[in-house]
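Going line by line, the protein sequences match chains A and B. Position 95 of the first sequence, counting from 1, maps to 95 under the numbering used here, and the rest follow consecutively. Position 134 of the second sequence, counting from 1, maps to 134 under the numbering used here, and the rest follow consecutively.
The hints are simulated quantities; they were obtained by calculation from the structure and are not laboratory data. Glycine included, each C-beta is placed from N, C-alpha and C at the ideal position. It is possible that some hints are incorrect.
Stated by the list, open to error - Across the chosen pairs, the derived CB separations fall in these ranges: (1) A:SER213 - B:ASP120: 44 to 52 Å; (2) B:GLY222 - A:SER203: 19 to 27 Å; (3) A:VAL95 - B:GLN110: 53 to 61 Å; (4) B:ASN221 - A:ASN221: 23 to 31 Å.
Said to hold, decoys possible - The list that follows gives simulated cross-link-like pairs (lysine-lysine, DSS-like), each with its CA atoms no further than 25 Å apart: (5) B:LYS149 - A:LYS149; (6) A:LYS186 - A:LYS149; (7) B:LYS186 - A:LYS149; (8) B:LYS149 - B:LYS186; (9) A:LYS149 - B:LYS151; (10) A:LYS151 - B:LYS151.
Claimed, not checked - Covered stretches of chain A, going by a simulated chain B footprint (3 or more residues, C-beta under 8 Å): (11) 94-107; (12) 117-127; (13) 213-221.
Spelled out from the first residue to the last, the chains are:
There are 2 protein chains.
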Amino acid sequence: MLFFTQCFGAVLDLIHLRFQHYKAKRVFSAAGQLVCVVNPTHSLKYAPTRCAVAQTSTEQGDLPPCHHHEAVHDPQLVPCTCPLFSCPWEGHLEVVVSHLRQTHRINILQGAEIVFLATDMHLPAPTDWIIMHSCLGHQFLLVLRKQEKYKGHPQFFATMMLIGTQTQADNFTYRLELNRNQRRLKWEATPRSVLECVDSVISDGDCLVLNTSLAQLFADNGSLAIGIAITTSKVHNSEAEI
Amino acid sequence: MLFFTQCFGAVLDLIHLRFQHYKAKRVFSAAGQLVCVVNPTHSLKYAPTRCAVAQTSTEQGDLPPCHHHEAVHDPQLVPCTCPLFSCPWEGHLEVVVSHLRQTHRINILQGAEIVFLATDMHLPAPTDWIIMHSCLGHQFLLVLRKQEKYKGHPQFFATMMLIGTQTQADNFTYRLELNRNQRRLKWEATPRSVLECVDSVISDGDCLVLNTSLAQLFADNGSLAIGIAITTSKVHNSEAEI
Numbered sequence: 001m002l003f004f005t006q007c008f009g010a011v012l013d014l015i016h017l018r019f020q021h022y023k024a025k026r027v028f029s030a031a032g033q034l035v036c037v038v039n040p041t042h043s044l045k046y047a048p049t050r051c052a053v054a055q056t057s058t059e060q061g062d063l064p065p066c067h068h069h070e071a072v073h074d075p076q077l078v079p080c081t082c083p084l085f086s087c088p089w090e091g092h093l094e095v096v097v098s099h100l101r102q103t104h105r106i107n108i109l110q111g112a113e114i115v116f117l118a119t120d121m122h123l124p125a126p127t128d129w130i131i132m133h134s135c136l137g138h139q140f141l142l143v144l145r146k147q148e149k150y151k152g153h154p155q156f157f158a159t160m161m162l163i164g165t166q167t168q169a170d171n172f173t174y175r176l177e178l179n180r181n182q183r184r185l186k187w188e189a190t191p192r193s194v195l196e197c198v199d200s201v202i203s204d205g206d207c208l209v210l211n212t213s214l215a216q217l218f219a220d221n222g223s224l225a226i227g228i229a230i231t232t233s234k235v236h237n238s239e240a241e242i
Numbered sequence: 001m002l003f004f005t006q007c008f009g010a011v012l013d014l015i016h017l018r019f020q021h022y023k024a025k026r027v028f029s030a031a032g033q034l035v036c037v038v039n040p041t042h043s044l045k046y047a048p049t050r051c052a053v054a055q056t057s058t059e060q061g062d063l064p065p066c067h068h069h070e071a072v073h074d075p076q077l078v079p080c081t082c083p084l085f086s087c088p089w090e091g092h093l094e095v096v097v098s099h100l101r102q103t104h105r106i107n108i109l110q111g112a113e114i115v116f117l118a119t120d121m122h123l124p125a126p127t128d129w130i131i132m133h134s135c136l137g138h139q140f141l142l143v144l145r146k147q148e149k150y151k152g153h154p155q156f157f158a159t160m161m162l163i164g165t166q167t168q169a170d171n172f173t174y175r176l177e178l179n180r181n182q183r184r185l186k187w188e189a190t191p192r193s194v195l196e197c198v199d200s201v202i203s204d205g206d207c208l209v210l211n212t213s214l215a216q217l218f219a220d221n222g223s224l225a226i227g228i229a230i231t232t233s234k235v236h237n238s239e240a241e242i
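Next comes chain A alone, as it looks inside the complex:
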């Protein structure tokens, strides 16, 4: 009897390990779409962002301005574009992707359409969820941020930025889509360049904005699935205007 009990326990352990293995996989495919599980990272609330540092330094004449739109054929050193960390790194635009992957361990996904699955939505603001998306020969940075723009009322802000210049970004349209409980919310826009600060995009409100109550309606078991698609602007323009 003891033998059978032990066997049963071993089988349960195996099932549990198998479950853990699947849970640990960061990327999996569901219904033909690539799903990327993205864990949250707390923002350094009181640390100055790269933008603020760059802007302050610019005022003192030390560093180039944060908001600049130089063409890629005239490369300059740009500060680290990762919105999470006040990272002292500076480098050419072409090596931003490898810096983000290697130093900040931000995943990069291939595919025309992916699903960004942000976990632990309940965590207090400020919190960020970040992923890179490689598509149409370019890399994009998706940032979902939980932030208290109005004290005591956290909101979710989602935007997509091109790791390139604004001139390059103007050739694309990104779409973020939430779909659950017979509700659907779609946001389409031209991506901003990572040469701009994600902070300014969010403070301008020029992104997908969700109140906590609406985010809860779209969330499943504390996770928010955001469908991402990127197209060239020509496709966007050919679609009907309302």
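Given the coordinates of chain A, work out where chain B should sit on it, guided by the hints.
Just chain B now, kept in the frame of chain A:
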């Protein structure tokens, strides 16, 4: 010379009158779609809403509750569903439309797809823009509300309600779409029944929500154009889930 000056003045007057005439038209057609110009109406900020009145009275056992979902074959007297006024009217669900048209002068538009053009977006909260939409054999009430959910930070809330029961409303999907400046925002959901309070829909945040900054990005000369489409739920369900 004086004659020519007077002639020129008369022509200018005629052009001005013609412009005024077009401006005064409440409904016109643009690009094959029916466009309805909707002027704002200030909410009675400090007056109790019908819902609040009904709920308070219910607690005292005088009136039926505000949130009820009776079938239409069992008609009951319902309070006036116009969210603007604390109107003392009560009547059967079937005569709500005529009451809203005659007493509150809310326009009703026919057509599968219409454009709701809300004027004077800059007016301070609370402000409402309301229209009725007749489609697929039913009447719907579209409410756009500017409200300060967070003190000092007005937001825009848009929702569509069926002038019917929730069982009837479950057969439909409504879509609200904003499209301007290379940005597009779409909200799709099942309409709520007017037997529910619009106040509760807005406080739940279960509607299209726009921050003022985002509303300004979509606004044109102080007006916000919202494309409206209603379909049966079967169409919605057949569309791809993300």
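Structure-based check of all given hints:
no. : hint                            : verdict
1   : A:SER213 - B:ASP120: 44 to 52 Å : violated, 28 Å
2   : B:GLY222 - A:SER203: 19 to 27 Å : holds, 23 Å
3   : A:VAL95 - B:GLN110: 53 to 61 Å  : holds, 59 Å
4   : B:ASN221 - A:ASN221: 23 to 31 Å : violated, 45 Å
5   : B:LYS149 - A:LYS149             : holds, 13 Å
6   : A:LYS186 - A:LYS149             : holds, 22 Å
7   : B:LYS186 - A:LYS149             : holds, 23 Å
8   : B:LYS149 - B:LYS186             : holds, 22 Å
9   : A:LYS149 - B:LYS151             : holds, 12 Å
10  : A:LYS151 - B:LYS151             : holds, 10 Å
11  : 94-107                          : violated (count 0)
12  : 117-127                         : violated (count 0)
13  : 213-221                         : holds (count 3)
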